[in-house]
Amino acid sequence: MSFCGRACTRVCVCVCVPRVHKTSTIMTMTNEPLDEDCFEKLAKLRAKVNNWQCEKERRDFLRQLYPLISNWEGPYPNLLAIFARGEIDAFLGESVLASTDYHREVAPLLDFVIRSGYTDDDDDDKEQQRSYGSKKSSVYRVTPVHRARAKYYGTHNGQNLVRNLFRVYNCYEVNYRDAEGYTHLHVACEFGCEEIVELFLKLGRVSPDCLLRGGGGSGDSPLHLAMKRGRHAVARLLQRHGADVNLANAEGHTALHIICKNYSDAKYAEKFFEIERELLDKNNNNDDDSPAPRPRLRIDARDNEGRTPLQWAVASLLPDMVDVLIDNGADLASFVFPTESYLGERFKSRNKISYCFRLRLASDALACIERLERRGYELKRDDVRTIQNFFANHGLFEKTTQQQQQQEESQSNWRDQEEFAEKSREIMMTPSLPLYDLVRLRPEAAAKRVAYEDYFKFARRTDLWDLPEAPRDACLVHLCEIMSRRFFRASAIDPFIELTRNRLPLLCCDLIVDNLKNEDLWRICLATATEIT
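Numbering-wise, my numbering comes out as the position in the sequence shown, counting from 1, plus 15.
Hints listed in this document are in silico derivations from the structure and should not be mistaken for laboratory results.
Please note that the accuracy of each hint is not assured.
[Claimed, not checked] In the DSS-like style, the derived pairs of lysine-lysine whose C-alpha atoms are separated by at most 27 Å in a straight line are:
{"no.": "1", "residue 1": "Lys282", "residue 2": "Lys414"}
{"no.": "2", "residue 1": "Lys363", "residue 2": "Lys414"}
{"no.": "3", "residue 1": "Lys217", "residue 2": "Lys363"}
{"no.": "4", "residue 1": "Lys532", "residue 2": "Lys463"}
{"no.": "5", "residue 1": "Lys395", "residue 2": "Lys438"}
{"no.": "6", "residue 1": "Lys217", "residue 2": "Lys297"}
{"no.": "7", "residue 1": "Lys438", "residue 2": "Lys472"}
{"no.": "8", "residue 1": "Lys367", "residue 2": "Lys297"}
[As the list claims (entries may be wrong)] So the derived label-pair ranges between C-beta atoms look like this:
{"no.": "9", "residue 1": "Asn277", "residue 2": "Asp346", "range": "21 to 29 Å"}
{"no.": "10", "residue 1": "Arg78", "residue 2": "Glu55", "range": "50 to 58 Å"}
{"no.": "11", "residue 1": "Asp75", "residue 2": "Gly232", "range": "18 to 26 Å"}
{"no.": "12", "residue 1": "Ser364", "residue 2": "Gly232", "range": "21 to 29 Å"}
Note that the structure is a prediction, hence the values are computed from the model and not measured.
C-beta atoms are modelled at their ideal positions from N, C-alpha and C, and glycine is treated no differently.
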């Protein structure tokens, strides 16, 4: 980071070389004689372009420019001696958008522009921004920064490209906006450019709450975008600079909704609440002349579907997040369990679910139920049916079909396979119970020795992959079965008695239910629900 060569009150991200002005033509930024051949070739290339609006001419220019800059000899030129600013915009933007080779074309060209000392410093735009004062947060202009966002969003090279583009487009007094409503600040937040975001917030006239309101836009704020992309440092920076955490996007999602929909680690929610408490305490300790007090976080805010962050935490199967929300004041009294339409929604995009991941789904779902019940929530019959259908839809039942029985016989019982038996003795479910012993217990006995929390932790272990594949998959399905046995049995006993019209003694009902698989118990509940309907 350095100050520009001429008198300037703002800080810019520039290469540490003297600035060159429009008056110098053949001299370089170091006042050394320029290699005439390279300079003349560049000037001749520029002269061939008659219309910068023509895509073919821009691409023809770039095809000849790439080899020239890769073989450039001597000091770097003053680009403004050859090109107008709009022309530099044109070929940089075309390179970013059209090139198929980042490392051989885009990166070297951008490096060449940076080394030349060129920075985009439009006094007209800055004057327009000043004339509006705080009433106008952006100026319409599509720059290569916007092009990079369109082409490199979610790619490996995107962050480096955007960071380097901001070394050229380093005027933080102007927040350029494209037709879709994306501003430079939005792009910096999405790509995790923390230092750029800080410069916009400190030096520019940029609100941390400028919304993305292009045609059909998402209405996302910079904080929303940073959180959606997992840019935690940027999100914390925005929060500390006064970003409104209660602001909702077009879907009605606040920052807390996004955390509960997208984040697996509850630590981010804990940090989010910690910063809010710090800001509230700081605000409360200020004098009466301080700005308007920071509004309290609306922890039970509802989105356009009427869903709260707590509902999304349960729907996303995040038991630790459930605890954090309730600890910080989420209202459990008005809580409504997620419906089947969005329970586990974040997993629907997966084409294939491994058996290890199925164990995680089952353990996470049951752990969420346990956390809610521990805080006083009572499951309703519709809630139970929603959870049961989730198990059925994600293949979390141990099958009892004739085909599977034949397959198990051909595998000579997966529990007794030599390699599986050896390795399962080394994997401990609890400090006193190895996996080898657990898979041999009756479900009722396993329920007494292993809690949902144990399965929740066990499902995240990497040594499960050390087990041989075929018996491992059978083992994981069996673990789903015995882990959820207590839940399915408790939810099926009353429906079973209803189906028998109370004609069987309770002891007989217990014996029959004890010998059924979870899938059978689920079907009993379905049958009862159908009769009631």
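Results of checking the hints against the structure:
no.	hint	in the structure
1	Lys282 with Lys414	violated, 37 Å
2	Lys363 with Lys414	holds, 22 Å
3	Lys217 with Lys363	violated, 41 Å
4	Lys532 with Lys463	holds, 18 Å
5	Lys395 with Lys438	violated, 41 Å
6	Lys217 with Lys297	holds, 19 Å
7	Lys438 with Lys472	holds, 19 Å
8	Lys367 with Lys297	violated, 48 Å
9	Asn277 with Asp346: 21 to 29 Å	holds, 22 Å
10	Arg78 with Glu55: 50 to 58 Å	violated, 19 Å
11	Asp75 with Gly232: 18 to 26 Å	violated, 35 Å
12	Ser364 with Gly232: 21 to 29 Å	holds, 23 Å
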